[in-house]
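Given these sequences and hints, build the entire structure.
Sequence order for the protein chains is A and B. With our numbering, letter number 59 in the first sequence gets 59, and the count goes up by one each step, no holes. With our numbering, letter number 82 in the second sequence gets 82, and the count goes up by one each step, no holes.
Derived from the structure by calculation, the hints contain no laboratory data. Careful, some of the hints might be misleading.
To be verified - Examples of chain B residues toward chain A, derived with CB under 7 Å:
| hint | residue |
| --- | --- |
| 1 | MET12 |
| 2 | ASP14 |
| 3 | PHE16 |
| 4 | THR43 |
| 5 | LEU44 |
| 6 | SER77 |
| 7 | ASP107 |
| 8 | ALA111 |
| 9 | HIS158 |
| 10 | PHE159 |
| 11 | ALA160 |
| 12 | ASP191 |
| 13 | SER195 |
| 14 | SER198 |
Bear in mind the structure is a predicted one, so any value in this text is a computation, not a measurement. The beta carbon of each residue, even a glycine, is placed where N, CA and C say it ideally should be.
There are 2 protein chains.
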Amino acid sequence: MFSGAQISLYPMADDFVGVIMSALSALAPYRERLRIETDDVSTLLVGPPEVLFPAMRDLFSAAAGTGVHCVLSAAISRGCPGEPDDAICQSTHFEGPSAPLAERHADALAAVRGAPVLDVFSVAQFSLYVMGSGSHMDEIYGCIDFLKQSGTFEKSKHFATKLSGDTGVLFATLEQAFCRFGPPEGHVTIDLTASANSPSAR
Amino acid sequence: MFSGAQISLYPMADDFVGVIMSALSALAPYRERLRIETDDVSTLLVGPPEVLFPAMRDLFSAAAGTGVHCVLSAAISRGCPGEPDDAICQSTHFEGPSAPLAERHADALAAVRGAPVLDVFSVAQFSLYVMGSGSHMDEIYGCIDFLKQSGTFEKSKHFATKLSGDTGVLFATLEQAFCRFGPPEGHVTIDLTASANSPSAR
Numbered sequence: 001m002f003s004g005a006q007i008s009l010y011p012m013a014d015d016f017v018g019v020i021m022s023a024l025s026a027l028a029p030y031r032e033r034l035r036i037e038t039d040d041v042s043t044l045l046v047g048p049p050e051v052l053f054p055a056m057r058d059l060f061s062a063a064a065g066t067g068v069h070c071v072l073s074a075a076i077s078r079g080c081p082g083e084p085d086d087a088i089c090q091s092t093h094f095e096g097p098s099a100p101l102a103e104r105h106a107d108a109l110a111a112v113r114g115a116p117v118l119d120v121f122s123v124a125q126f127s128l129y130v131m132g133s134g135s136h137m138d139e140i141y142g143c144i145d146f147l148k149q150s151g152t153f154e155k156s157k158h159f160a161t162k163l164s165g166d167t168g169v170l171f172a173t174l175e176q177a178f179c180r181f182g183p184p185e186g187h188v189t190i191d192l193t194a195s196a197n198s199p200s201a202r
Numbered sequence: 001m002f003s004g005a006q007i008s009l010y011p012m013a014d015d016f017v018g019v020i021m022s023a024l025s026a027l028a029p030y031r032e033r034l035r036i037e038t039d040d041v042s043t044l045l046v047g048p049p050e051v052l053f054p055a056m057r058d059l060f061s062a063a064a065g066t067g068v069h070c071v072l073s074a075a076i077s078r079g080c081p082g083e084p085d086d087a088i089c090q091s092t093h094f095e096g097p098s099a100p101l102a103e104r105h106a107d108a109l110a111a112v113r114g115a116p117v118l119d120v121f122s123v124a125q126f127s128l129y130v131m132g133s134g135s136h137m138d139e140i141y142g143c144i145d146f147l148k149q150s151g152t153f154e155k156s157k158h159f160a161t162k163l164s165g166d167t168g169v170l171f172a173t174l175e176q177a178f179c180r181f182g183p184p185e186g187h188v189t190i191d192l193t194a195s196a197n198s199p200s201a202r
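Here it is in structure tokens:
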């Protein structure tokens with residue numbers, strides 16, 4: 001199943017190019033397992049979720065660690081019917097038959113409890129879109145239940161859910177939401193905004 | 001039908017707060033026709049597409065006009081089944097029965113030809129998501145045909161389509177894509193990135 005993201009990093013600083021170039025070194029450990037293409041709007045990362053989410057996490061954490069207000073914006077997708085499959089996307093997330101919702105819920109919580117803590121605080125606002133028909137509302141509500149128990153749930157907003165907490169836990173939570181809800185072979189997307197060091201009061 | 005967007009403006013400058021505060025005056029003509037709520041991640045705009053898209057256009061143009069590299073990111077949504085209707089969202093876009101695809105295509109092109117030209121160049125990358133079943137792939141392909149004839153089509157990318165041109169024409173194109181494709185009462189969303197003044201070569 002084809003999976004990946006179009007990502008953009010926005011440091012709110014005159015030296016935004018410097019912050020971005022410096023943060024890119026955080027992608028080094030992942031480069032062999034991702035296809036990466038950049039233009040003036042976004043960088044394409046093609047690869048399995050278990051590589052994609054840690055790569056986005058480490059890129060964002062590196063930029064956030066400078067103390068500059070910065071945002072990672074990403075359009076994350078799996079199973080788009082218009083995209084050809086790619087061997088680099090082979091993922092352990094979607095092997096075997098789909099487990100019952102309650103079991104996936106429990107597995108997602110366990111994965112979040114085992115997430116690395118990076119000691120970088122951030123917020124993540126996102127929308128999960130499950131395309132196609134069938135039981136997709138059950139899946140959405142199952143995902144929301146998981147998010148509320150994940151330890152990072154901050155609030156529901158119109159069109160989106162807002163999480164906050166340690167960046168390592170946040171990206172683990174996002175990976176679980178993306179992989180464990182919606183049909184294993186279905187078309188699922190996330191519209192993500194991760195933000196750190198905002199001067200606005202929360 | 002409930003419609004609106006969660007939007008964020010990212011000026012890549014030390015004085016990002018000043019650029020944002022100054023650009024916000026561009027929303028003044030629209031404030032009475034929108035519900036607006038802001039937190040540390042995004043600003044919610046609730047209102048009909050014919051107000052929403054010009055408001056986003058003018059906010060973004062005002063920031064872009066400073067010459068600073070800036071990005072407007074938006075999660076735009078209509079017809080989400082989890083959102084209650086709101087009188088402020090009453091739109092002329094969705095009155096009457098849905099016309100045949102060819103007719104909507106022609107109407108969309110006519111609307112784009114009549115769009116105001118702002119003399120601010122920008123690029124817009126977006127994904128259109130049509131939730132639910134039925135003829136949604138016909139609608140997506142119909143929308144892509146329209147985009148290719150809109151005069152702003154730059155290229156297809158994985159997960160997204162990239163447009164470029166005058167900001168007035170771009171936002172008119174986005175409004176038409178959002179309103180004229182997908183079921184009139186359906187759940188349709190756009191994940192938008194509009195960018196201006198990037199130092200990266202295109």
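Checked hints:
Because the smallest distance between the Cβ of MET12/B and any Cβ of chain A comes to about 4 Å, under 7 Å, the interface hint for this residue holds. Taking 7 Å as the C-beta contact cut-off toward chain A, the hint placing ASP14/B at the interface holds, the least distance being around 5 Å. Because the beta carbon of PHE16/B sits about 4 Å from the nearest beta carbon in chain A, less than 7 Å, this interface hint is met. Restraint check, THR43/B versus chain A: the minimum CB separation of about 11 Å is more than 7 Å; hint violated.
A distance limit of 7 Å between C-beta atoms decides the matter here; for LEU44/B the minimum to chain A is near 6 Å, and the interface restraint holds. Evaluation of the SER77/B hint against chain A yields a held restraint, the C-beta minimum of about 5 Å falling below 7 Å. For ASP107/B, the suggested interface contact is broken, since its CB lies about 25 Å from the closest CB of chain A, more than 7 Å. With its C-beta approaching chain A no nearer than about 25 Å, ALA111/B sits outside the 7 Å limit, and its interface hint is violated.
At a threshold of 7 Å, the smallest CB-CB gap from HIS158/B to chain A is about 6 Å, leaving the interface hint in force. For PHE159/B, the shortest C-beta to C-beta distance to chain A is roughly 5 Å, which falls under 7 Å, so the interface hint holds. Hint status for ALA160/B relative to chain A: holds, with the closest Cβ pair at about 5 Å, below 7 Å. Checking ASP191/B against chain A: minimum C-beta separation of about 4 Å stays under 7 Å; hint holds.
For SER195/B, the interface hint holds, since its Cβ comes within 7 Å of a Cβ in chain A; the closest pair sits about 5 Å apart. Given hint, SER198/B at the interface with chain A, holds; its Cβ is 5 Å from that chain's nearest Cβ, closer than 7 Å.
In this structure, the hints that do not hold are numbers 4, 7, 8, in rising order.
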